[in-house]
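The lines below spell out each chain.
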Amino acid sequence: MARRRDEEDDDQEYEHEDQLLDDEDYYEDEDVGRGRGGSSKKRGRSDFIDDVAEEDDEEDEDDDDDEFYGGGGKKHSKAPRVGSQFFDLEAQVDSDEEEEEDEGEDDFIVETGGDLPDEDVGRRMHRRPLPLREDEQEDAEALERSIQARYARSSHTEYDEETTDVEQQALLPSVRDPKLWMVKCAIGRERETALDKGSELQIRSVIALDHLKNYIYIEADKEAHVREAIKGLRTIFGVKIILVPIREMTDVLSVESKAIDLSRDTWVRMKIGTYKGDLAQVVDVDNVRQRVTVKLIPRIDLQALAIKLEGREVSKKKAFVPPPRFMNVDEARELHIRVERRRDPITGDYFENIGGMLFKDGFLYKTVSMKSISAQNIKPTFDELEKFRTPSNNGEGEMVGLSTLFAKRTKNHFMKGDAVIVVKGDLKNLKGWVEKVEEENVHIRPEMKGLPKTLAVNEKELCKYFEPGNHVKVVSGTKEGATGMVVKVEQHVLIILSDTTKEHIRVFADDVVESSEVTTGVTKIGEYELHDLVLLDNNSFGVVIRVESEAFQVLKGVPERPEVSLVKLREIKCKLEKKFNVQDKYRNIVSVKDMVRILEGPCKGKQGPVEHIYKGVLFVYDRHHLEHAGFICAKADSCCIVGGSRSNGNRNGDSLSRFGNFKAPQRVPPSPRRFSRGGPPFDSGGRHRGGRGGHDALIGTTVKIRQGPFKGYRGRVVEIKGQSVRVELESQMKIVTVDRNYISDNVVISTPHRDTSRYGMGSETPMHFSRTPLHPYMTPMRDPGATPIHDGMRTPMRDSAWNPYAPMSPPRDNWEEANPASWGTSPQYQPGSPPSRAYEAPTPGPGWASTPGGNYGEAGTPGKAVQHM
Amino acid sequence: MFFHIVLERNMQLHPRHFGRNLRENLVSKLMKDVEGTCSGRHGFVVAITGIENVGKGLIRDGTGFVTFPVKYQCVVFRPFKGEILEAAVTMVNKMGFFAEAGPVQIFVSNHLIPDDMEFQSGDMPNYTTSDGSVKIQKDSEVRLKIIGTRVDATEIFCIGTIKDDFLGVINDPTTA
Chain A
5 MARRRDEEDD DQEYEHEDQL LDDEDYYEDE DVGRGRGGSS KKRGRSDFID DVAEEDDEED
65 EDDDDDEFYG GGGKKHSKAP RVGSQFFDLE AQVDSDEEEE EDEGEDDFIV ETGGDLPDED
125 VGRRMHRRPL PLREDEQEDA EALERSIQAR YARSSHTEYD EETTDVEQQA LLPSVRDPKL
185 WMVKCAIGRE RETALDKGSE LQIRSVIALD HLKNYIYIEA DKEAHVREAI KGLRTIFGVK
245 IILVPIREMT DVLSVESKAI DLSRDTWVRM KIGTYKGDLA QVVDVDNVRQ RVTVKLIPRI
305 DLQALAIKLE GREVSKKKAF VPPPRFMNVD EARELHIRVE RRRDPITGDY FENIGGMLFK
365 DGFLYKTVSM KSISAQNIKP TFDELEKFRT PSNNGEGEMV GLSTLFAKRT KNHFMKGDAV
425 IVVKGDLKNL KGWVEKVEEE NVHIRPEMKG LPKTLAVNEK ELCKYFEPGN HVKVVSGTKE
485 GATGMVVKVE QHVLIILSDT TKEHIRVFAD DVVESSEVTT GVTKIGEYEL HDLVLLDNNS
545 FGVVIRVESE AFQVLKGVPE RPEVSLVKLR EIKCKLEKKF NVQDKYRNIV SVKDMVRILE
605 GPCKGKQGPV EHIYKGVLFV YDRHHLEHAG FICAKADSCC IVGGSRSNGN RNGDSLSRFG
665 NFKAPQRVPP SPRRFSRGGP PFDSGGRHRG GRGGHDALIG TTVKIRQGPF KGYRGRVVEI
725 KGQSVRVELE SQMKIVTVDR NYISDNVVIS TPHRDTSRYG MGSETPMHFS RTPLHPYMTP
785 MRDPGATPIH DGMRTPMRDS AWNPYAPMSP PRDNWEEANP ASWGTSPQYQ PGSPPSRAYE
845 APTPGPGWAS TPGGNYGEAG TPGKAVQHM
Chain B
16 MFFHIVLERN MQLHPRHFGR NLRENLVSKL MKDVEGTCSG RHGFVVAITG IENVGKGLIR
76 DGTGFVTFPV KYQCVVFRPF KGEILEAAVT MVNKMGFFAE AGPVQIFVSN HLIPDDMEFQ
136 SGDMPNYTTS DGSVKIQKDS EVRLKIIGTR VDATEIFCIG TIKDDFLGVI NDPTTA
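Here the protein sequences come in this chain order: A and B. Just add 4 to wherever you are in the first sequence, counting from 1, and you've got the numbering used here. Just add 15 to wherever you are in the second sequence, counting from 1, and you've got the numbering used here.
Bound conformation, chain A alone (with noise of 0.2 angstroms):
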């Protein structure tokens, strides 16, 4: 029975007060009696929906009741029964409908459409077996008697409003039940057809319900009952039958209590048409005919609406949806589009007639089937509410608004200790402290002195108030997970400056708690992180410097010029995270984590530690720089590595330098082996001669094809042409044409410059000669295998020459003195290397002890020779 109350609560909450239903008990009851005279007519619609509720626990009773008795002949006995009465009355009244069924039909159909949306659970026919229609000749002893019970049963149950889980447990269907059949119908008809009845019927009751199309339900005890029933009616096609779970069928008719009450000045969202997903305002609301006035911000082609009115031809293809824009009326004019000006003859309000549409202030009034509104969870955005104030006045049409807004609040809403200020009523403006929430009512510790310790106040009335200053975090609304500090109260409304942006953020109070977490709001979609580096489709890529609701804001890996895009997830191609190295400005090797500074470029001066580093393009994070969440994007070769050389000159007292240097060693040997496969040397060293015309510091640098036909591949750029770029191949004698994007150009650079000292001057031979002493303190570092001519090879050893802190120096600079002929074109090279020193010296020499770190960093880079040459 308590059960059964709750139920019809919820059905009925926007309706009938508890006082009201207890009233309805008896009513019905009395309405039985004379229903029984028959007159059943007078039933309001509640009791349908009364019925709904009740339908589940009654089952079983009924059940019961109906083998007790027999189910045969037998006269029912109300008295006793204690649950089923409301069912039997809808059995019997249907019995009795029966003779006037038209009639009894056309009531129904007519009450159920009056119906709001919100009674989701479809009207039910009772359908009694056969035997049950024998009630009727009860005697009205009898009548009197069950009338009686029922009469002390609702008047003792008034009270028994608390239920326990056990009690409502009990009232769960079980195996011993009817069960449930689902049938499959046509689209439309299913209170067609469950009004359907045919002949009498085994079956117990259909069900139909609004918010399922295409399926009836049909309680039965078996299939074939089932079966039968559906026999020959025409709005069933299918002969599946399926049977709902036991567990399952309270679901069936269990009401979410979705009901809203759709009041001026709600906020919804269309559900279709132009507008859909539009924010919209109730204007008006017309239950009977289940109509809704909103006001909108019209999306409306002007001149398209022109040529329409005109009536001249229309596209018809819906070629966009017009951005919504506030009615001009003016300009509507200067179209030649007729306005009109008309009252309203109700609201007395001054609407501008177009086309057969009304404006009112720029707004299109639209009056819409509540069936094509959503007003469920609606939460404007703030862009959309500042919209909708705009032409209105302001401050009157702001506290409309969100007065509204109070009401999707969730439970829970205020928490003891929240600070809250009242917002209407005669302590408007009190500021306190949240004591105690009951449902609807907050004790609140008002802040003034002199006034009681504590003062109940309607939830509606409170609004949270923070002071500037404070550190809150957004919990609802897009803002959702930010957290900042306030800066600036305006009414209801905060400006939050984000910790992690520094940027402002407009929130309602409401969305926002206090909170000393620092977050950056959501930091995740899918496997893509903040600050991570993402390669997208277009095969661009960059670092996420954003995660909102449904996208990323990517900084692009653009040197030039900051380039932000909003990137859809399904627009990113993989996460890089593959750690590459790259060379600066000054051929230092930078890796990630390391610190630069930005030499060159519109962020010239910033500097920070690389995150990231991908086709020699560097993502350093400057915590001072405040666009794009402190990324800048920068060519390698643009900046420093803080605390590296910043050329070879002042490298002797450096110690950073050296430490920066410390861990190159490894990395550069690999790369004079590269060069050492090559081709001809002699050839490619003419052409590199040829090829250095160009200015493009790429030309004469040796890259890797990353893509197309000849990806894998290693050459020299020979020429850049726009886009292209010609590149000699290493192990193929030719010369291929590939895009520019196709290349990596972070694999170690030759010079082309190098190759002028070096070849064709006949420095070979002293070289060969040198080499052969030296063999054996090279063979460790190096790849034995290797032709030594190679200016790869000989990169690291100049380097050293000059460099006396190389770690592996003294082969090497004795390797450079035993070349003179071939450094003798650069006499700079040798600032440190006595000449006299002998080769052979293995021994550490002066240069050996002063190399604590190794200058293979720089070794290999013939950007550095360019330098010094």
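Fair warning: there could be bad hints in the mix.
[Unchecked claim] The following label-pair restraints were derived from C-beta to C-beta distances:
| hint | chain 1 | residue 1 | chain 2 | residue 2 | range |
| --- | --- | --- | --- | --- | --- |
| 1 | A | MET599 | B | GLY97 | 35 to 45 angstroms |
| 2 | A | ARG574 | B | PHE17 | 50 to 60 angstroms |
| 3 | A | SER728 | B | PRO129 | 25 to 35 angstroms |
| 4 | A | LYS453 | B | SER43 | 51 to 61 angstroms |
[Said to hold, decoys possible] Simulated crosslink set (DMTMM-like; lysine to aspartate or glutamate; CA at most 20 angstroms straight-line):
| hint | chain 1 | residue 1 | chain 2 | residue 2 |
| --- | --- | --- | --- | --- |
| 5 | B | LYS109 | A | ASP541 |
| 6 | B | LYS96 | A | ASP503 |
| 7 | A | LYS610 | B | ASP154 |
| 8 | A | LYS453 | A | GLU484 |
| 9 | A | LYS420 | A | GLU443 |
| 10 | A | LYS608 | B | GLU39 |
| 11 | B | LYS109 | A | GLU631 |
| 12 | A | LYS610 | A | GLU567 |
| 13 | A | LYS610 | B | ASP138 |
| 14 | A | LYS391 | A | ASP365 |
| 15 | B | LYS109 | A | GLU507 |
| 16 | B | LYS150 | B | GLU115 |
| 17 | A | LYS610 | B | GLU115 |
| 18 | A | LYS492 | B | GLU170 |
| 19 | A | LYS492 | B | ASP138 |
| 20 | B | LYS153 | A | ASP626 |
| 21 | B | LYS178 | A | GLU471 |
| 22 | B | LYS96 | A | GLU471 |
| 23 | A | LYS560 | A | GLU531 |
| 24 | A | LYS506 | B | ASP180 |
| 25 | A | LYS506 | B | GLU170 |
| 26 | A | LYS492 | B | ASP179 |
| 27 | B | LYS153 | A | GLU631 |
| 28 | A | LYS528 | A | ASP503 |
| 29 | A | LYS492 | A | GLU471 |
| 30 | B | LYS96 | A | ASP365 |
| 31 | B | LYS178 | A | GLU494 |
| 32 | A | LYS579 | A | ASP541 |
| 33 | A | LYS492 | B | ASP154 |
| 34 | A | LYS492 | B | ASP180 |
| 35 | A | LYS608 | B | ASP138 |
| 36 | A | LYS506 | B | ASP167 |
Worth flagging that the hints you see were computed from the coordinates, not collected in a lab. Quick reminder that beta carbons are idealized off the backbone N, C-alpha and C, glycines included.
Based on the hints, put chain B in the right spot on chain A.
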């Protein structure tokens, strides 16, 4: 606000520093480690002014490192809500300006700048009063009131206001 307080820290010292200069090494390492750091409780450690005492070292098994509990006096700087500070403007943008008072970064939102000051973009973005008499731009010195602080592990960030009596520019670099 500055405080002169005594803090304690366990210092780990590499065995190579043992010897005559152990104490000096310890102190210099302490300075290197501690000065410029920030803790939520005490704020920024500006400088170490002296060593109170160095406890007994404990040799760690396996590593040979020695842990010394060191008590030291230091000057710390911690901004408080409501405190008035003088700070140098480091950046101006349309949302407001950033200023620094020593290690502390303070943001003054445009909502907390007097209403008569308007943002002027351009080469040298600034906030200027309507009559042009007062201008806040990079390197200006301002007096501001802190209205909120956020303390991270590594920094303290504040928001401030100059929308109050006696707050605002105290030294204009252009006129100086």
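Now for the hints, and whether the structure bears them out:
no. : hint                                      : in the structure
1   : A:MET599 <-> B:GLY97: 35 to 45 angstroms  : holds (37 angstroms)
2   : A:ARG574 <-> B:PHE17: 50 to 60 angstroms  : holds (54 angstroms)
3   : A:SER728 <-> B:PRO129: 25 to 35 angstroms : violated (59 angstroms)
4   : A:LYS453 <-> B:SER43: 51 to 61 angstroms  : holds (57 angstroms)
5   : B:LYS109 <-> A:ASP541                     : violated (34 angstroms)
6   : B:LYS96 <-> A:ASP503                      : holds (17 angstroms)
7   : A:LYS610 <-> B:ASP154                     : holds (17 angstroms)
8   : A:LYS453 <-> A:GLU484                     : violated (36 angstroms)
9   : A:LYS420 <-> A:GLU443                     : holds (14 angstroms)
10  : A:LYS608 <-> B:GLU39                      : violated (40 angstroms)
11  : B:LYS109 <-> A:GLU631                     : holds (12 angstroms)
12  : A:LYS610 <-> A:GLU567                     : holds (17 angstroms)
13  : A:LYS610 <-> B:ASP138                     : holds (18 angstroms)
14  : A:LYS391 <-> A:ASP365                     : holds (12 angstroms)
15  : B:LYS109 <-> A:GLU507                     : holds (10 angstroms)
16  : B:LYS150 <-> B:GLU115                     : holds (17 angstroms)
17  : A:LYS610 <-> B:GLU115                     : holds (17 angstroms)
18  : A:LYS492 <-> B:GLU170                     : violated (23 angstroms)
19  : A:LYS492 <-> B:ASP138                     : violated (28 angstroms)
20  : B:LYS153 <-> A:ASP626                     : holds (19 angstroms)
21  : B:LYS178 <-> A:GLU471                     : holds (15 angstroms)
22  : B:LYS96 <-> A:GLU471                      : holds (12 angstroms)
23  : A:LYS560 <-> A:GLU531                     : holds (19 angstroms)
24  : A:LYS506 <-> B:ASP180                     : violated (26 angstroms)
25  : A:LYS506 <-> B:GLU170                     : holds (15 angstroms)
26  : A:LYS492 <-> B:ASP179                     : holds (14 angstroms)
27  : B:LYS153 <-> A:GLU631                     : holds (17 angstroms)
28  : A:LYS528 <-> A:ASP503                     : holds (17 angstroms)
29  : A:LYS492 <-> A:GLU471                     : holds (8 angstroms)
30  : B:LYS96 <-> A:ASP365                      : violated (46 angstroms)
31  : B:LYS178 <-> A:GLU494                     : holds (16 angstroms)
32  : A:LYS579 <-> A:ASP541                     : holds (12 angstroms)
33  : A:LYS492 <-> B:ASP154                     : violated (25 angstroms)
34  : A:LYS492 <-> B:ASP180                     : holds (18 angstroms)
35  : A:LYS608 <-> B:ASP138                     : holds (15 angstroms)
36  : A:LYS506 <-> B:ASP167                     : holds (15 angstroms)
Of the numbered hints listed earlier, those contradicted by the structure are 3, 5, 8, 10, 18, 19, 24, 30, 33.
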